[in-house]
Amino acid sequence: MDVKYAEIANSLWMYAFVTVIIVCVTAQSLIFMSRAWSRARDLGLTDEQIKKGLVTGVSISIMPTLPVLIVFISLIPLMGVPLPWLRLTVIGSAMYETFAASVGVKAVGEELAVNGYSAYAWTSAAWTMAVGGCACVIWSIFATKPIATIYDRVAKFDVGLVLAVGTGCLAAVMANVSTSYGFSNRSRCVVFMASFAASVAIMQLHKKLPQQRWLTDFNMAISMIVGMIIACVAL
Amino acid sequence: MPLQPREEFNRWIHSFGVTSNAVLCAMMIGFPLAVSAYYNLWPSFKTLLPSFATVVLILAPYWPAELISYMPVMGPGSLYMSYITGNVTNLRMPVTIGTINILGIKPGTDECHVMSLIACGASVITSTVILALGIFAAMVLAPVLQSPALKPAFDYVVPALFGGLVAQTILKSKKDFVVYIPALAVNLIFCYFTKINGAYYMLIGLVLAVAFSVAEYKKHKKQPE
Chain A
1 MDVKYAEIAN SLWMYAFVTV IIVCVTAQSL IFMSRAWSRA RDLGLTDEQI
51 KKGLVTGVSI SIMPTLPVLI VFISLIPLMG VPLPWLRLTV IGSAMYETFA
101 ASVGVKAVGE ELAVNGYSAY AWTSAAWTMA VGGCACVIWS IFATKPIATI
151 YDRVAKFDVG LVLAVGTGCL AAVMANVSTS YGFSNRSRCV VFMASFAASV
201 AIMQLHKKLP QQRWLTDFNM AISMIVGMII ACVAL
Chain B
1 MPLQPREEFN RWIHSFGVTS NAVLCAMMIG FPLAVSAYYN LWPSFKTLLP
51 SFATVVLILA PYWPAELISY MPVMGPGSLY MSYITGNVTN LRMPVTIGTI
101 NILGIKPGTD ECHVMSLIAC GASVITSTVI LALGIFAAMV LAPVLQSPAL
151 KPAFDYVVPA LFGGLVAQTI LKSKKDFVVY IPALAVNLIF CYFTKINGAY
201 YMLIGLVLAV AFSVAEYKKH KKQPE
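Respectively, the protein sequence lines represent chains A and B.
Count the first sequence with my numbering and you get residues 1 to 235, in order.
Count the second sequence with my numbering and you get residues 1 to 225, in order.
Calculated from the structure, these hints are not laboratory results.
Just to be clear, a hint being listed does not mean it is correct.
If the Cβ cut is set under 7 Å, some of the chain B residues that face chain A in the computed set are [what the hints assert, rightly or not]:
#, residue
1, Leu67
2, Ser69
3, Asn90
4, Pro107
5, Ile130
6, Gly163
7, Val179
8, Ile189
9, Phe193
In this text the structure is predicted, and so the values were computed from the model without any measurement.
C-beta: ideal position from N, C-alpha, C; glycine also.
Here chain B stands alone, though its shape is the one from the complex:
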């Protein structure tokens, strides 16, 4: 039986995402491998094992938290792309939410996932071009970008990005605001009164917000039309 366009598209996303990420991952490991082989500089992997563990474990708690919470909004394609290019929270996720806010698309829909792919792709290419230009412009740009007058602007660019993004997202409707408040309260309590890693309380906030949202949905579903 021929596949429906949606299933065919999703099947292609996973097949291309897994294959291309595996190839790119191999190429990235290929870089230090080539350096070691070319200069015959092989570090002792026994010595490096603790540093490998440190850099992996410092981010590992965030992986499930991000994948579970970003999946309904970004979709699998954007997440495959974002895990290769990095900067998921401070670049790819904001461009997805900014795009669906501007276009008035609901999170979790097929339209949301395809627009996320297009916006994230545009974001990846923009970042790549800026960094490539940076090689040539480094001498000229360095004094401007590192000037003390502009330093605070770049130090706080992420809070500046999220202020507007949060306002546009949570003030879209009363429901969005009502679901946001308990999750924010949980995050603030854990942030200020415990030493628990942010990735864990992100998941607790997620469970609470999803529970509120689903309860609201079920309440409306039960009401006669």
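Pulled out of the complex, with its shape left as it was, chain A reads as follows:
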């Protein structure tokens, strides 16, 4: 029990173990994408449209991944590299993983602190993070197909109804994120509204200059950067 976590947390075999898992996760995404690509062609989408979807996926993901990277860097002295690397690449979100780690360490009567807890507590944190993460995967394994089947059955007798449900769901999701990330406190509201206003300005500009298609393509990236600049300047 006296062994400190730092003595085991960066073992070479753990790097190898985590690398294998992350390669498998990436392979899953690549297989899904490859099959979706040929299905998209069958549906009549052009290669140019598909590539645009791909580029959008990459461009929108860069900035929101940076806070995850910050949490990863800050967790390295606390937990070593392999465990945070695994948890933040697979399933984990930045806030949740830090919380799960501290709950796991506290459960065995210790505190999450640099060089301040045992390898035993580190193992408890690893178990807690893994169980917490896997629970939602188990949920997805059992619940995704039944829910998709319900939507599919409705689509068979009225496609328009499913599209209307889709529009309603999208509006509901937008309303929920507007509340959670936009209107739940003053600081968030300032940043959210700055980004919203920038996006509206770009849409208006595009109406006046319809040949400038890049305005639509980069609208989200530009409005996000405007929001981040306002956060630095005003908060």
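Given the coordinates of chain A, work out where chain B should sit on it, guided by the hints.
Structure of chain B alone, referenced to chain A:
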């Protein structure tokens, strides 16, 4: 009878999604299992049970809310992928909506679901590469990313992401805006005047928005062409 391409694709999505998620889930549990076996450090699971319950129950209310509301937009394939890689609300869902906004694709269509798969896959690979590079660049990047001048930008990156995304989504048409407003009102009322968990009022907003959207659809369907 041979399956239609759509049914064949959907059958493959579920079969591959369930199998690959089960294998990856086992591998993830395999990590602490291997650590405990290798160092002979077996925690008392009786002691850990409350912490397991805490980390599961804190997110459990969101699972049905997310799966029901994201399904028509993201489709099952993206959801299988997103539950493995996490960050559904702050990464995978925005890239899906950003993509369909840019390409002018309607939510709930087959085109929407396949483009969501491609965009989410690209997003997963981007995040994975950034985090992998972070291991090597940690020493160099840490002072820049953690500098006090840039800290607010990263603290508020998600509100900054959603401001533009919400604008582009709800201002596409009058109908989108009309359906959004009552759902927003419900969310704000529950957020400010009750202590109910966000996952529950998300579902209430969902029911209201879907009811408005379906009523609008039925009204247009009844009107003679």
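For each hint, the structure was consulted:
no.	hint	result
1	Leu67	holds, 6 Å
2	Ser69	holds, 5 Å
3	Asn90	holds, 6 Å
4	Pro107	holds, 4 Å
5	Ile130	holds, 5 Å
6	Gly163	holds, 3 Å
7	Val179	holds, 4 Å
8	Ile189	violated, 10 Å
9	Phe193	violated, 12 Å
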